[in-house]
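Protein chains in written order, with the working numbering: chain A, 745 to 964; chain B, 745 to 964.
These aren't lab readings, by the way, just hints derived from the structure by calculation. One or more hints might be untrue.
If chains are identical, the list can't say which one is meant, so a pair holds when it fits in one copy or spans any two.
[What the hints assert, rightly or not] Derived EDC-like pairs: lysine to aspartate or glutamate, alpha-carbon spacing no greater than 20 angstroms straight-line: (1) K774 / D912; (2) K846 / D891; (3) K820 / D920; (4) K846 / E766; (5) K846 / E813; (6) K754 / E872; (7) K774 / D920; (8) K774 / E872; (9) K926 / D815; (10) K926 / E813; (11) K774 / E827; (12) K902 / D891; (13) K822 / D761; (14) K902 / E813; (15) K902 / E957; (16) K820 / D918; (17) K846 / D761; (18) K820 / D891; (19) K754 / E956; (20) K846 / E827.
As the structure is a prediction and not an experimental result, all values here were calculated from the model.
There are 2 protein chains.
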Amino acid sequence: MSNERIDVTKNIYDENDRIAAETRQVFDQKSVFAVNVMGAPGAGKTSSIIQLINNLPQIRSYVLEGDIESDIDTVKMKSLGIETRQINTYGACHLDAPTVLKAATDLSLAEPGLLFIENIGNLVCPAEFMIGEHIKLLICSVAEGSDKPYKYPLAFEKAQMILLTKIDLKSYVDFDDAFFGKGVQALNKTAAVFEVNARTGDGFAAAARHIEELARRARS
Amino acid sequence: MSNERIDVTKNIYDENDRIAAETRQVFDQKSVFAVNVMGAPGAGKTSSIIQLINNLPQIRSYVLEGDIESDIDTVKMKSLGIETRQINTYGACHLDAPTVLKAATDLSLAEPGLLFIENIGNLVCPAEFMIGEHIKLLICSVAEGSDKPYKYPLAFEKAQMILLTKIDLKSYVDFDDAFFGKGVQALNKTAAVFEVNARTGDGFAAAARHIEELARRARS
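Using the sequences plus the hints, can you model the full thing?
Following this line, the structure appears as structure tokens:
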């Protein structure tokens, strides 16, 4: 890699981190706990956010939907009465802090609560960019296979919380619990892992309580 | 985006394309038909490559395995007697032409045949970089959902061939065939789509014949 490229890349990360800190301040001032929802395409990010919101009826929730193109998920969120704004990156493979800050100012954030920021479906690049979040929530489906921590370590390393989704498919896809668990443990000793099924809602009550607890700790 | 960043990005693409053309020449000289295998994490890229190779016993096959970390898939390929080299990118979210050219020189390419280059599991970035391939083969699992063409259009647009994998899970995940098909058609009128199941091998005989036909056309 050329020195020129290294310099430009470093500048991009530094500038992003500066604006991420600024964005986080905006959320703190509004008492909004921001969750950066990361995961591969089709991991179940949108369905999981809906389940978490349904399990926290006492808390006001907001959503930013990141997608390269389309507003399919925003339409779904709005149909459920959730205040949501779409971010389309038109090619970019992750959300960055300037984009999130701009979109967040378009949300009311009228009451304290939770903001779910659904990142671009990508198990690689989003983990490299802070976007003003309080925690990173990694969504990983059993259909992706149990070797994902070994192949995509950064996302697993940086997550404060992990949802293992589509557990109803476990027996059909030969998912190896022990191998997956060992891979996660090697990278991350503190993230809580919840097994969930967004079709039935199984597991989301406990996951929702954990987010509420993490938000409480962040305020105190 | 700053002008400095645009210039550097343009230089990266231009330099990549130049080396991709050089890499393609190496493959052509060896009469090796190169397949850039793209897809999200856990889409079934490795299993599909193995099935395709098994269905083409009369053709010599080579594999380059792209992963951020780990050599899990290379170990699997080698255990099946397939000449394979591992590429680890240690962070980079896609393969690029210089990396592939370097790794390819480490393969014997002793006989004419097929080279499967398994890209990093990522439905976004790999589609932007040519790596000397003759065709791009997109692998997409029904577990990812039927909205993928709408959300990740570039990969679907650029593919010469698409495998829809894990079709045994179709009834469990409410996969909408018509919606998926409409999305693919809007982006790509020429790519052949094959429904496959890597657990049973269903569908791979036809897919393998199609690759053989594409390779024959490339030589003539």
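Verification of the hints:
1. K774 / D912: neither (38 angstroms within a copy, 47 angstroms between copies)
2. K846 / D891: Neither: 36 angstroms inside a copy, 27 angstroms across copies.
3. K820 / D920: Answer is between; shortest inter-copy Cα gap is 16 angstroms, intra-copy 33 angstroms.
4. K846 / E766: within (12 angstroms within a copy, 43 angstroms between copies)
5. K846 / E813: within (18 angstroms within a copy, 34 angstroms between copies)
6. K754 / E872: within (12 angstroms within a copy, 22 angstroms between copies)
7. K774 / D920: Classified as neither; 42 angstroms inside a copy, 40 angstroms across copies.
8. K774 / E872: neither (26 angstroms within a copy, 39 angstroms between copies)
9. K926 / D815: between (37 angstroms within a copy, 17 angstroms between copies)
10. K926 / E813: between (36 angstroms within a copy, 16 angstroms between copies)
11. K774 / E827: So K774 and E827 pass the 20 angstroms test inside one copy only (16 angstroms; across, 57 angstroms).
12. K902 / D891: within (17 angstroms within a copy, 28 angstroms between copies)
13. K822 / D761: Close neither inside one copy (30 angstroms) nor across copies (43 angstroms); limit 20 angstroms.
14. K902 / E813: between (26 angstroms within a copy, 16 angstroms between copies)
15. K902 / E957: Within. Shortest intra-copy distance 19 angstroms satisfies the 20 angstroms Cα cut-off; inter-copy 45 angstroms does not.
16. K820 / D918: between (32 angstroms within a copy, 16 angstroms between copies)
17. K846 / D761: So K846 and D761 pass the 20 angstroms test inside one copy only (15 angstroms; across, 34 angstroms).
18. K820 / D891: between (31 angstroms within a copy, 13 angstroms between copies)
19. K754 / E956: neither (35 angstroms within a copy, 45 angstroms between copies)
20. K846 / E827: within (16 angstroms within a copy, 50 angstroms between copies)
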